[in-house]
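As given, the protein sequences belong to chains A and B, one line each in that order. With the numbering used here applied, the first sequence covers 29 to 364. With the numbering used here applied, the second sequence covers 29 to 364.
These are computed hints drawn from the structure, not numbers from a lab. Do not rely on the hints blindly, as some may be mistaken.
Since the list can't tell identical chains apart, any single copy or any two copies may satisfy a pair.
The calculated DSS-like cross-link candidates involving lysine-lysine, where the alpha carbons are at most 25 Å apart (straight line), are [as the list claims (entries may be wrong)]:
#1 K328 to K273
#2 K300 to K81
#3 K143 to K300
#4 K300 to K273
#5 K330 to K81
2 protein chains.
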Amino acid sequence: MPRIVSLASAHASTSAVLAAGLVRVEARFRDQLDTPIRPVAELCEHVERYRGKMLRPTLVILSGLAANTALVEPNDDHIVVAAVIEMIHMATLVHDDVLDDASVRRGGDTVNKCKGNEAAIILGDYLLSKSFHLCSTLDTQRTALRVGEVTSIVCEGEMLQLAQRGDFDLGEPAYFNIIRRKTAALIALACELGASHADAPRAIVQRLSDFGDKIGTAFQIQDDLLDLVGDEPVVGKSLGKDLDKGKLTLPLIHHLSRLDSARRAATIERLKSGASTPAERAALARDLEATGSIRFAREKAKDLVSQAKSLLSPLDDSRARAALLSLADAVITRTF
Amino acid sequence: MPRIVSLASAHASTSAVLAAGLVRVEARFRDQLDTPIRPVAELCEHVERYRGKMLRPTLVILSGLAANTALVEPNDDHIVVAAVIEMIHMATLVHDDVLDDASVRRGGDTVNKCKGNEAAIILGDYLLSKSFHLCSTLDTQRTALRVGEVTSIVCEGEMLQLAQRGDFDLGEPAYFNIIRRKTAALIALACELGASHADAPRAIVQRLSDFGDKIGTAFQIQDDLLDLVGDEPVVGKSLGKDLDKGKLTLPLIHHLSRLDSARRAATIERLKSGASTPAERAALARDLEATGSIRFAREKAKDLVSQAKSLLSPLDDSRARAALLSLADAVITRTF
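If we strip away everything but chain A, and leave its shape as in the complex, we get (with noise of 0.2 Å):
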């Protein structure tokens, strides 16, 4: 069972009805990637050992179950909206790791690691391609002309987030607006088209768009956080990439706007550097606690996840509204 999900526990029966919408999403995807072509078929393998939480599949299901309470399990259109999201995500994660020169994923080797770049850049291809074919199947074209729009979306936060590259001047606003497009507009699709799939009305659709929103700029926070002051072996990926790469994120943009003029400099000069190393990581962590923007970052995004929370009040009571409230406490919690 999908680790963060498990979160959601308490509420054992939304977790059975949960569990058995994620074995449907899985067969799903399985099936749609299913091919006689060996190359192709030992390239997606890879992508069964990218997936781990199932974060955007849970939020479809549990956004439909939600905005409409009397569903009692998701239905078709929730299993292939679910499919299609996640596959775009598995692309962009495959894409994502050639960019960071990224070689452990999910406490294993990257596609890029294994297979070479050239691999990866095909098969997160392949795997955007075999998605957007997914969600042709639907009946309503409504969702396709929204899945390629948000895709799109995702591309620019990740060009954006390119172009800021080793800009020390980058500040929150231009940071938001990196992180909502990246991370936060694909996780508010998944919980938009849950809603909708369900026959939610328009307001409804709505809230948990900005539900979504919210707790993806979060989710990101929690990231970007965890490449700072993770510890590797529990997060199961490569860290110090962010500075590896130049990417300034929340708690440094704190950092630096909190420092005079000649330690912000000499900072800057230490950061250019990188800090790959446990102990570079360890000593960067140190300072950045001692500003508060550490504290500062994690209430950035606890403050985030209360706002989510509070945009689903006017929903019905519910174990899945409560299972998404639980989903959103989890995703700052998360220690990987």
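Following the hints, put chain B in place on chain A, whose structure we already have.
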């Protein structure tokens, strides 16, 4: 005016309709990529540089007009389909240049050369997403399904090619399996969708699809020939890349099959070290001429073009059909 199209310029009225259609395709293409986000817009500008022959949009339009002679000009669906296919083609070029470490395309720097591999990877993803989005604006989902399906097939071709790099035992069937997927499939789709969006009968749609498959295969053989014996300034892209990357193409497959085991082994050793310099390429070209391997590949391509042309015999006589026939010839007489 795109160069390959001008080969059909004998057909003046068709040329005018085609040129007007291509202007609409270009406008649709640009609109779809229009964005206020500067780093994204900057990357998209590079795509303009990649556009040259507009072969696929030309095929969509001519196939539509040839399949239904009652049409006096391409309809709106043709314009959308043409822009979608061209955008997917651009995505594959941008990613291919990363895979091939190519630095020159259409006589200019490639995206990976100017902006780095990372930007090229994200730009390709963006083009794919934007093309699927545009495709979902069509009234019929059938087209989106076909586009997703064929784009996956293109990726499969790329994966097969990658898996078979450095395999000097590659035979003709495996070679054709790769190039039909990676190149011919999208060209066949252009012809198929041109015809189907002209409401042509199923048998005619199939004929145009097969026509595209044949000329697409011939097109790739010609590309592979140019990589070996082309003139880099004329071709306008990096040559000798196939050998550098251990890709065996038709002339080499034929050449190796004509050698005794000692010469074969010696030739393979030589091929393994690549053939990037003009002198190495010239020496290799002489050997390939000696075994008749260049002529063999040219004949294969010519035969495919002749099969393609005969597929169009049952179509009503029209200027569009005549233009398709000229275009089929141009695929293998081109030097760029």
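Hints, verified against the model:
{"no.": "1", "hint": "K328 to K273", "in the structure": "within (24 Å within a copy, 49 Å between copies)"}
{"no.": "2", "hint": "K300 to K81", "in the structure": "neither (33 Å within a copy, 44 Å between copies)"}
{"no.": "3", "hint": "K143 to K300", "in the structure": "between (30 Å within a copy, 20 Å between copies)"}
{"no.": "4", "hint": "K300 to K273", "in the structure": "within (9 Å within a copy, 35 Å between copies)"}
{"no.": "5", "hint": "K330 to K81", "in the structure": "within (20 Å within a copy, 54 Å between copies)"}
Checked against the numbered hints listed earlier, the structure breaks hint 2 alone; every other hint is satisfied.
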